[in-house]
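Single-letter residue listing:
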Amino acid sequence: MKRTVPLIIVMVGGILMMIQYFIPHQASQAVFDYYTEWAPIVGAFALVLGVGSLTRVHFHRIRRRSKNWPYSLAVLIPLYAMPILGLMVPVSLWGGMESPSIFHFLFMHIQVPIQSTMFSLLAFYIASAAFRAFRAKSALATVLLGSATIVMLAQVPIGEIFGPGLQDVGLWILRFPNLAAKRAIQFGVGFGILATSLKIIFGVERNWLGGAGE
Amino acid sequence: MRTSSTRYVPAALVLLLFPALSAAQAIEPVVARDSVENTTLPADTIASGTVEPQEEPAAVIDAPGAVTVTDSPNDAGDQLTLTFEPSTETETLFCHTVYRRIAGEGDESWLPVSIIPAGDPSELVDGLDPDYPIVPGVQYEYRIAVQTLDGLEVMGPVTPAQAVAEGEYYHTGKTRALIASSIFIFMIFYYFSRAQRGVQFYLRPIAGIEAIDEAIGRATEMGKPILYVPGLSSISDVATIASLTVLSRVAKKIAQYQTRLIVPNRDPIVYTVADECVKQGYLEAGRPDAYDPESVFFLTDSQFAYVAGVNGIMMREKPATNFYLGMFWAESLLLAETGSLSGAIQIAGTDAVTQLPFFITTCDYTLIGEELYAASAYLGHEPKQIGAVKGQDACKAIIMGFITLALVLTVVDLAAGTHTLDWLRQLMTMSVMD
Amino acid sequence: MSAVNFWGKMLNVDRRWIFLLIGVVSIVPFLIPVGMPLTTTTEVESIYDCIDSLGPENAIFLAFDFDPGTDAENMPMSVAVMRHAFFRHVPVFMTAYTPLGNGMMMSGFEYVTNQELPGCYTPVDYADWATYRDAGIVDRDGLVAAWEADGHSLPENSVGWVFEGRDYALLGYLPLFHLVILGMTSSIEAQYPEDSHGNPLVEMPMLREHKSLREVDLALTMAGSSACMSWIIYGREKIGLPIAFGVTAVMATDYFPFIQSHQIIGQMGGLRGAAEYEVLMERNGVSATTDKAFTGMDVQSAAHLLIILLIIMGNVAYFAGGFHKQHLMKSGR
Numbered sequence: 001m002k003r004t005v006p007l008i009i010v011m012v013g014g015i016l017m018m019i020q021y022f023i024p025h026q027a028s029q030a031v032f033d034y035y036t037e038w039a040p041i042v043g044a045f046a047l048v049l050g051v052g053s054l055t056r057v058h059f060h061r062i063r064r065r066s067k068n069w070p071y072s073l074a075v076l077i078p079l080y081a082m083p084i085l086g087l088m089v090p091v092s093l094w095g096g097m098e099s100p101s102i103f104h105f106l107f108m109h110i111q112v113p114i115q116s117t118m119f120s121l122l123a124f125y126i127a128s129a130a131f132r133a134f135r136a137k138s139a140l141a142t143v144l145l146g147s148a149t150i151v152m153l154a155q156v157p158i159g160e161i162f163g164p165g166l167q168d169v170g171l172w173i174l175r176f177p178n179l180a181a182k183r184a185i186q187f188g189v190g191f192g193i194l195a196t197s198l199k200i201i202f203g204v205e206r207n208w209l210g211g212a213g214e
Numbered sequence: 215m216r217t218s219s220t221r222y223v224p225a226a227l228v229l230l231l232f233p234a235l236s237a238a239q240a241i242e243p244v245v246a247r248d249s250v251e252n253t254t255l256p257a258d259t260i261a262s263g264t265v266e267p268q269e270e271p272a273a274v275i276d277a278p279g280a281v282t283v284t285d286s287p288n289d290a291g292d293q294l295t296l297t298f299e300p301s302t303e304t305e306t307l308f309c310h311t312v313y314r315r316i317a318g319e320g321d322e323s324w325l326p327v328s329i330i331p332a333g334d335p336s337e338l339v340d341g342l343d344p345d346y347p348i349v350p351g352v353q354y355e356y357r358i359a360v361q362t363l364d365g366l367e368v369m370g371p372v373t374p375a376q377a378v379a380e381g382e383y384y385h386t387g388k389t390r391a392l393i394a395s396s397i398f399i400f401m402i403f404y405y406f407s408r409a410q411r412g413v414q415f416y417l418r419p420i421a422g423i424e425a426i427d428e429a430i431g432r433a434t435e436m437g438k439p440i441l442y443v444p445g446l447s448s449i450s451d452v453a454t455i456a457s458l459t460v461l462s463r464v465a466k467k468i469a470q471y472q473t474r475l476i477v478p479n480r481d482p483i484v485y486t487v488a489d490e491c492v493k494q495g496y497l498e499a500g501r502p503d504a505y506d507p508e509s510v511f512f513l514t515d516s517q518f519a520y521v522a523g524v525n526g527i528m529m530r531e532k533p534a535t536n537f538y539l540g541m542f543w544a545e546s547l548l549l550a551e552t553g554s555l556s557g558a559i560q561i562a563g564t565d566a567v568t569q570l571p572f573f574i575t576t577c578d579y580t581l582i583g584e585e586l587y588a589a590s591a592y593l594g595h596e597p598k599q600i601g602a603v604k605g606q607d608a609c610k611a612i613i614m615g616f617i618t619l620a621l622v623l624t625v626v627d628l629a630a631g632t633h634t635l636d637w638l639r640q641l642m643t644m645s646v647m648d
Numbered sequence: 649m650s651a652v653n654f655w656g657k658m659l660n661v662d663r664r665w666i667f668l669l670i671g672v673v674s675i676v677p678f679l680i681p682v683g684m685p686l687t688t689t690t691e692v693e694s695i696y697d698c699i700d701s702l703g704p705e706n707a708i709f710l711a712f713d714f715d716p717g718t719d720a721e722n723m724p725m726s727v728a729v730m731r732h733a734f735f736r737h738v739p740v741f742m743t744a745y746t747p748l749g750n751g752m753m754m755s756g757f758e759y760v761t762n763q764e765l766p767g768c769y770t771p772v773d774y775a776d777w778a779t780y781r782d783a784g785i786v787d788r789d790g791l792v793a794a795w796e797a798d799g800h801s802l803p804e805n806s807v808g809w810v811f812e813g814r815d816y817a818l819l820g821y822l823p824l825f826h827l828v829i830l831g832m833t834s835s836i837e838a839q840y841p842e843d844s845h846g847n848p849l850v851e852m853p854m855l856r857e858h859k860s861l862r863e864v865d866l867a868l869t870m871a872g873s874s875a876c877m878s879w880i881i882y883g884r885e886k887i888g889l890p891i892a893f894g895v896t897a898v899m900a901t902d903y904f905p906f907i908q909s910h911q912i913i914g915q916m917g918g919l920r921g922a923a924e925y926e927v928l929m930e931r932n933g934v935s936a937t938t939d940k941a942f943t944g945m946d947v948q949s950a951a952h953l954l955i956i957l958l959i960i961m962g963n964v965a966y967f968a969g970g971f972h973k974q975h976l977m978k979s980g981r
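Chains as they are written, first to last, in the numbering used here: chain Z, 1 to 214; chain C, 215 to 648; chain H, 649 to 981.
In isolation and in its complexed conformation, chain Z is listed as follows:
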């Protein structure tokens, strides 16, 4: 039953929603609305699971004084402090989520800069990868490098110093060969999604249940 019930739910739900797509009748719409109402409920429970897992893992590390256990405090304290500050502390005590509040201050002056900083690391890593790994080892790789150089220069104002046509060439590469390749890959990915979805709906693919197929 532990495996059968989820399989039935997926099979019935999947077939039902496939059929529902082609039926505009109000009864069909009611079925769609009924299922979409369940989705946020499942999502809400998933959040409970995730927070529970995080709390359990880090709490054990703190209790056992495992290696680097202070970092677990750095995880748990903000995890609970932010919702308390945003939802439970009264506005008169600098609570709430809007400015001015502690929540807003922490979000704007800690979370935003930290996430922006992490994203900005990409610039450094790309430079390092460019030097270390971008090699013209074959004719195709050379074409790739040449195209990349042209597009990179076309994307910045300084590229126009290298010739008025450079930007046009760069845009042409984006609008035609790039477009064709992306579309082709999207077709492939789309069919892959179709096939995998069918496998899941009809019970061929069962690993999402947590075990290999029978």
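Derived from the structure by calculation, the hints contain no laboratory data.
You can take every hint at face value.
Below 20 Å or equal to it, Euclidean Cα-Cα: the simulated PhoX-like pairs (lysine-lysine) are: (1) C/K467 with C/K438; (2) C/K532 with Z/K67; (3) C/K493 with Z/K2; (4) C/K388 with H/K886; (5) Z/K67 with C/K438; (6) C/K532 with C/K438; (7) C/K467 with C/K493; (8) Z/K182 with C/K610; (9) H/K973 with Z/K137.
For this one, chain Z is given, so just place chains C and H on it according to the hints.
Here is chains C and H on its own, set in the frame of chain Z:
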């Protein structure tokens, strides 16, 4: 294909549909909500309350003519298409106001459902305004009023709607989608059944998949853990499901070699499924005692916080093998470059086209796009899985055929001045739905 | 062999030197701005032209579908579009795909309405103009006239008033946003009974005039992830809602097929896309100057040049040192 679970399908269908069908049948005729009483609005602004239509002698402007009401096609019985003959007097005309009421109700029930400015087409689809919904099966009456530039309103005659809104059981506009999806689904199941009957299909070798065993063995020899990142997307993403399929097989091998496994997750649902996959892998390997519940854990749902956490794990734990299989976004290079710094062998696989260049340059093996989806077929060698891969290829062959045909027709049209490509485009294109 | 050693040392240079170089070229252009001219592309111009053709009787959705990680690319374009819409008096509904996007929405609005910055707009909260609403003054021109007649004047740096519920509505985040988009195709108020400040949407003039996405003229999604696809699937393909993208540079290449098939009217790709929009605004008098994106193009120019130089150096070292003849250490690349 019949499985033991399909016999429960009819009962489950009834059980799951019953509440929905009950709700559908129990839909009471909704009294169109009185629009917000906004007494502050001047009389010549958009009418938002029940307005008492004022009748004046029809000396200044002609009333609108015949009203024709038809049931809108391909809807849930919540739309009616209305056309009318506009007033012939155009110089003093400001707008037409469309009033509606349920047949048999009094004059106080007229609701101004739409205002059509002068010059606009004299037709509308009624029922789109959420303040004035149409109820299926209800008989309505319409009345078109003309408003002049100096605020005079002249009412037209009351016209019972010639049609009642009814929901259709089939959306004719989606016929192309139905045909296309039927063909594609048929191709996939056709190859399913051929594979099940024992037909051998050739799948070209993919280095990344073949290297999985080697990578696990390397970690075992070095006595270092294996890091498996199942992507940053949710369980509804097919790439995540494909990744979890590979995870279960990797976990089974790892259980046999007794190598340590680390699986950080970004999504809580993916975490629970990954946990089950790994547990099942250890069970199938006959080593349930070796399963460590803390090897699979939820890290955070914030993208870059997750990356920072995984990078920290890589630098501290120094895994010998890193798997990046699933959906990735901008963090892919951060992960792969840090893993490269730690000296691990790295196998990546994603259908995120934008991230493939980063993985290809920094990882030892990369599964590109559908190779990730095909990984489960390669690893399990199950006929149905292999059949699905061949089915996808057949679908792509159909698309390639259409592209070739379109290319040929384009050349022909250019040379001969014909419009055969337009004909094909009209045949294939599906317009906006609702 | 010393030559080979030299090339080998170059290939194995400590990454931290490369990181340092990138750091330097990222900082110096801020200290020595150049401001090279930028030509605009049709992908961005089409978005600009579309918003420029709208007015107070229209409405747009501006979706802050990005997190702080992509703030540097997505925020300038969001701010630019918001400014343009305010300039044209086009009512703007602002939403967010994620909880963090809600913070980005508030942050972007606060930037545009920061009274200390030149070219800002002065916001009037929904409660502050309640008496005018009660008196039936809900059209924009009448509202501004009445507001200023009562003694309110624009601060020094401000270029205009924006009234909450008339010019903008901060709707914020709701979970499973793709279903929210689907619901808004029927009724915006059913999904958002209140905005993020607790004001009831049903009373807002901009909602009375634009009750569902069918009555909205454009939806712009500023996305750092595939959230933008939800607007295509549930907006464009269901009801024909015109969509425009503002995405990171890495993602921009993915969506060219959608431009070609006219599923989106245009796209701003990365910092360059935002810079192009700022240039268009400055050129057409919508704003007095360009903003952060245009300033950032100097940095991007320098960084791109450095990366190209590094690629060339790496390849020169690779081939000059004879490393291309050596057996690959790891198979499968």
